[in-house]
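Line order of the protein sequences matches chains A and B.
With the numbering used here applied, the first sequence covers 1 to 112.
With the numbering used here applied, the second sequence covers 113 to 225.
Hints should not be assumed to be uniformly reliable.
As the list claims (entries may be wrong) - Listing some non-contacts, in silico: residues in chain B with all C-beta distances to chain A over 10 Å:
#1 119
#2 223
#3 224
To be verified - Covered stretches of chain A, as calculated for chain B (at least 3 residues, CB under 8 Å):
#4 21 to 32
#5 43 to 56
#6 100 to 112
Bear in mind the hints are in silico, worked out from the structure with no lab data behind them.
Think of the CB as a built atom: it goes at the ideal place given N, C-alpha and C, for glycine as much as any other residue.
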Amino acid sequence: LAKTTQPISMDSYEGQEVNITCSHNNIATNDYITWYQQFPSQGPRFIIQGYKTKVTNEVASLFIPADRKSSTLSLPRVSLSDTAVYYCLVGDPGGGGNKLTFGTGTQLKVEL
Amino acid sequence: DTEVTQTPKHLVMGMTNKKSLKCEQHMGHRAMYWYKQKAKKPPELMFVYSYEKLSINESVPSRFSPECPNSSLLNLHLHALQPEDSALYLCASSISGTGKGYTFGSGTRLTVV
Chain A
1 LAKTTQPISM DSYEGQEVNI TCSHNNIATN DYITWYQQFP SQGPRFIIQG YKTKVTNEVA
61 SLFIPADRKS STLSLPRVSL SDTAVYYCLV GDPGGGGNKL TFGTGTQLKV EL
Chain B
113 DTEVTQTPKH LVMGMTNKKS LKCEQHMGHR AMYWYKQKAK KPPELMFVYS YEKLSINESV
173 PSRFSPECPN SSLLNLHLHA LQPEDSALYL CASSISGTGK GYTFGSGTRL TVV
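This is chain B alone, in the form it adopts within the complex (with noise of 0.2 Å):
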């Protein structure tokens, strides 16, 4: 299995609402990133998690909030969203000391209402 896999494909939340999004890799990697995009630029960086251990987060609103419960797994809960964080989110994940780059997922698209 060499796939990130990302779910939702598509989510459509009010501001008030409570959702989380899932992401998914059984390639062994001990890296995992939340990444958001926005229509025409490029990604940017939300959280890193390396060996289940959150050891980046851009400084991201506490609205947001990564979990890694395991090492296949990572989630982003999202609560009390703004229609501004609509976009699309990419969940990666990678190797350590390989040189073999990232493997993204197909991303969830978001849109707040």
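So that you can see chain A by itself, here it is in the shape it has in the complex (with noise of 0.2 Å):
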């Protein structure tokens, strides 16, 4: 299984564009990134997924470069509502019960 590495904590202010990155060296060729954000006594709650290069929705982008051994979670002008844990997976969406294993998450703290 592809173990990540991610920061344990980043710190930005209301506004600011905030860029997490998270590291994935042995990621295999079957395994897609996904991004959850959690709020304290709630269920993660699914942010973004890519395979390869740049992913964009209503709430973040993923940039993934082409070896595919990082990606960087960007939230464009956070809030303080963004104040979370996010967690990057990686694994393997194909087929049912796929095993996915949280890394510890990077703590994401955001101020007026």
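Make the complex out of the two chains shown on their own, each in a separate frame, by following the hints.
In structure tokens, the structure reads:
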């Protein structure tokens, strides 16, 4: 299984862009990269998923270089409500019942 | 319906009690999961069901017994738990092959006294 490494914590201010990088050196060919957001005492919430290059949705962008050994979650213009733990997961979403393991996550704190 | 519903939201049980956690989804997902999360730690995978069959058991103690009665329901039966089993128990589901990630429930906060 691909192991992920993220910064333990990051601080930012409202209105800034935040980039959280995840390292996954032993990513496999069939693996996708998925990011989740978790607030205290709630279940993780899916943010974005990608395989290569760049993926963008209404809340975030995901940048994946050609070697796929890392990825960067970009949150544009963060607000206080973006304060949460962000997890990067790597795994194969194909087939039923895949095994995705959470890394330590990054605690993002957004201040005024 | 795009949700995973977990009941109860909170549960306090004694070490000799038997209780069950329930999880329900109506998204047609054929993979369902139980995770355990301790405070300030990432979720840890416990069990995976694929097409209603147990496909992964992460060496979970037998005092935790999962059950998947049908494609929409997932139960976790609890018996003779220890105080260190107190945690947030999360259920999730996913549909294979679409790359859409997991959908998690809000969890059951379990306290063993």
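Verification of the hints:
In this structure residue 119 of chain B is separated from chain A by more than 10 Å, as the shortest Cβ-Cβ distance comes to about 14 Å. Under the 10 Å C-beta cut-off, the non-interface status given to residue 223 of chain B relative to chain A holds; the minimum distance is some 13 Å. Even its closest Cβ contact with chain A, about 17 Å, leaves residue 224 of chain B beyond 10 Å, as expected for a residue assigned away from the interface. Counting residues of the stretch 21 to 32 of chain A whose beta carbon lies closer than 8 Å to any beta carbon of chain B gives 1, which falls below the threshold of three, so the coverage claim is violated.
Only residues whose C-beta sits within less than 8 Å of a C-beta in chain B count toward coverage, and the stretch 43 to 56 of chain A has 6 of them, enough to reach three; the restraint holds. Using a Cβ-Cβ cut-off of 8 Å, 6 residues of the stretch 100 to 112 of chain A lie near chain B, which meets the minimum of three, so the contact claim holds.
Comparing the model with each numbered hint stated earlier shows that hint 4 is the single one that does not hold.
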